[in-house]
Structure formats: C-alpha cells, structure tokens
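Student: Spelled out, the chains give:
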Amino acid sequence: MSEMKIVVDHLRLNYNGPFDANALYRHITAFVKEMGFDLETQKEFEHNTQTGKHMEWQIRPWKQISDYLRYIIKMRILIHNYNKMDAVVDKKKVKIGSGKVVIYLDGYVNLDQQDRWEHIPFFQFLRTIYNKFIYKVYTERFEQRLTHDMNHLYHTIEQFFNMYKHYKVVSKVPPFISTH
Amino acid sequence: MLVFYFYLETFKYIPSKFFLMKPFPFAYVDVKSPADTNYIQYKGVWDMQDLYEFVASFFHGQKFKFHEKKYIYKHPGPFGADVKHMWQAERNVEDYYKFVIDIFLHTYDTHDIEVVMKNGSKKIFTKGRLRIQLMGKVETDYEKRWDENAFYANLRNFFHKYVIWKKIEAFWWDNMHYNVFLKLHSLIKERLKMESEAYEHRYFHKVR
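Going line by line, the protein sequences match chains A and B.
Using this note's numbering, read the first sequence as starting at 1 and increasing by one per residue.
Using this note's numbering, read the second sequence as starting at 1 and increasing by one per residue.
Be aware that a few hints might be false.
[Unchecked claim] Simulated pairs of lysine to any residue, SDA-like, Cα-Cα distance not exceeding 25 Å:
(1) Lys193(B) to Asn48(A)
(2) Lys33(A) to Lys193(B)
(3) Lys193(B) to Glu56(A)
(4) Lys183(B) to His47(A)
(5) Lys43(B) to Val102(A)
(6) Lys100(A) to Glu190(B)
(7) Lys100(A) to Ala198(B)
(8) Lys95(A) to Trp46(B)
[Said to hold, decoys possible] Quick look at which bits of chain B chain A covers, simulated, 3 or more residues with Cβ under 8 Å:
(9) 39-51
(10) 187-199
Note that these hints are calculated values from the structure, not bench results.
Note that the Cβ used here is the ideal one computed from N, Cα and C, for glycine as well.
Work out the full structure: start from the sequences and follow the hints.
Tutor: This is the structure:
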C-alpha cells in the first residue's frame, strides 16, 4: 500500500437554491481537465423520488506529477430534492433546476504509488526519512500546490453558484412580471 | 526432528525477496491491464429495449463481438421483477492484444408501464431500479501462445516489463479507456437522460 497523505480534509460546500445540475457537472469536469487532471468516475447515482431527484456523484480526478508522486482529489457531490421549476432572470421566465447540494472535497498526495519502497519495513523507514527530511522542501511544495488547486476549485464552484443569485424562483416572486 | 525442522524453517534464507527493491507493479507483469470499474445507478423510468439495442449497436459499430453471457430472471417479488444481465464485448484489435468490456446490468423492483410520447403514440417503458457495472481491460497474448511453459511465460513477462509496457500503458490502454469505455459510459448516461450526462471526449482529436 503506497503512502497516501491527506492534505485537504473534507472541505465542504453547501448550497440550497436554483442551479443547473448538468451545468455544475460540466463546470467541474471542464475545470478539472483544464488543471491537467485526469478524471475517474466512481459513482453515478440518480434516483427519481416523489420529492425530486436525489443524485450522488463521486469522482476522483488525479494528476501524475512524477514517477514517484501524484495528486488525487476525491470529490463527492450530493444533490437532494432536485426539481425543475420556473424562474425569473432579467425579467424573463426560464426553466431551471433547484435543490440542495453538498460537496465534499478531499485532497491526497500519493507517494510511492508503485509500492516500490513498501516491500520491507527498512525500505519504508528509508522512504519516510526521504520524504520528511531529504525531499522535505519538494514534498511540502507539492502539498501547497495541491491545496492551492483545491482552493481554486472550491472558489470556482462558489462562483458557479453565485451566478444563480440573479435567478428568482417564480413562487418566491409575488408580483410576477410577465414578459409576454 | 520436529525441533530441527522448526530451526531450519526459522532461519530460512530467501535471497532476493527481501533485499531487492520490488521491480514493477503486477499490472505490467500480468497479461491483463485492468481498467477502473464504473458504476451507474438509476431509479425511475427508462426504455429497456432501447438501452439493450443501443449497447449492442454501439459495440457492433466499434467492431466488437457482443455476447450475452448470462440472463437471470427471478420470479417477481412484491415490488417487481429482478433481472440480471451479464454482457461481454470483445474485439481482437491485433494478434497480440484485445479489448474486453464486461457489463453487469441488474434491474430490480421493475414493472412495465405505458408511456404516452410527445406525438401521442404509446410505448412500454420500464419503471424501477437499475444498476450498471462497467469493467474494461486490455488483454494481451489472448491466444495463450506464451503460456506453454514457464520459460515462455517469463519471456513474455520480460517483454511486457521492459519492451512494450509503455505501449500497453500509453497507447492500448488509453485507446480502450477513452475511446470505448468512457464513451460507452457517457452514452449510457445520455440514453437514460441522467442529469450528469456530459461526454467530454466526444471531440477527442485522436492524434497520436
């Protein structure tokens, strides 16, 4: 078992309101690809229930930095009570999804991914010495970069949700202005 | 005698196992390089016939041979029928390697419902739960030509480890993963009209 070091632990984002689930998915995948990560989809669950759609996506983007090290992000997106409804934006009526979203982000640095220093305890000891003392500057720098990437991702998702602050669900706009 | 045997066992000397660094992970030694398993779970209404035909036509279009290995139908319980499909598609790309895609499709708590389409026609759809497991791999030496004896097998492992493992990892596996496996995964999502449908490799330029 290679060394998995947790760098970002359970970064959480909550949102409740109007948004487009497909646009969110495309936004995340596009951003992750742009950052040079490769995407691995682990779960794609979608349940249609009486209260709306319940979705769970678990993706695991990873990026190979060197033969010895790679970044792994574990992203879990949970969407509850997702329904399509009418909304008003710029005095126009549009159809948009609405629901509750919870996103969990975990960031890992995977060292010695091919288990080449895992074989005997002495090698593991050497590996630890190497990571913590000899290679320390690089290890920390890689960790900081991953943290930076993940904060960037978190920020863009926040921006994505803020985009929808101009959308008002029709039922919550009492004097509905008809454009027709 | 037993004590002596134990004494021998205790001081058994294994020369290379403990003192040499592990050469390469098993994936390069093994004849199969596995892909990651993907899962799709869906609850709602879908067109099972269409899904079945779509998957079959997808593989035929990609020059695969498509087999239904198992079809298990359980007697319907109080919530509906329970059906398991095991499909396998394989394509002998070259003499030395082939792509194998395994699909395990499990539908449960299902029953047929009549749906009125936009044009007024009626169709029979399925309502219930669906679970799909997709697995893909590149299988090398599929004719087992290098399995005849231990010498050939070791020669093959050497060939994989030191001669063509870059090719397996970067070309063959990538080709299977991005052009077949992920494509199928995305198209199934599209077929089920899931919210997460997005096929980012649709315009993959395929330039090597």
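Student: State for each hint whether it applies.
Tutor: Taking the hints in turn, this is what the structure says about them:
1. Annotation: proposed proximity of Lys193(B) to Asn48(A) holds, straight-line Cα distance about 12 Å (limit 25 Å).
2. Simply put, Lys33(A) and Lys193(B) have alpha-carbon atoms about 23 Å apart, close enough for the 25 Å limit, and the pair holds.
3. This hinted pair checks out: Lys193(B) and Glu56(A) have alpha carbons roughly 15 Å apart, not beyond 25 Å.
4. Restraint check: the Cα-Cα separation between Lys183(B) and His47(A) comes to about 22 Å, which is no more than 25 Å; the hinted pair holds.
5. Of the supplied pair hints, the one linking Lys43(B) and Val102(A) holds, its CA atoms being roughly 20 Å apart against a limit of 25 Å.
6. The straight-line distance between the Cα atoms of Lys100(A) and Glu190(B) is roughly 23 Å, inside the 25 Å bound, and the hint therefore holds.
7. Between Lys100(A) and Ala198(B) the alpha-carbon distance is near 21 Å, which keeps this suggested pair within the 25 Å criterion.
8. Only pairs whose Cα atoms come within 25 Å are accepted, and Lys95(A) paired with Trp46(B) is accepted, the gap being roughly 23 Å.
9. With 7 residues having a Cβ less than 8 Å from any Cβ of chain A, the stretch 39-51 of chain B passes the three-residue criterion, so the hint holds.
10. Counting residues of the stretch 187-199 of chain B whose CB lies closer than 8 Å to any CB of chain A gives 7, which reaches the minimum of 3, so the coverage claim holds.
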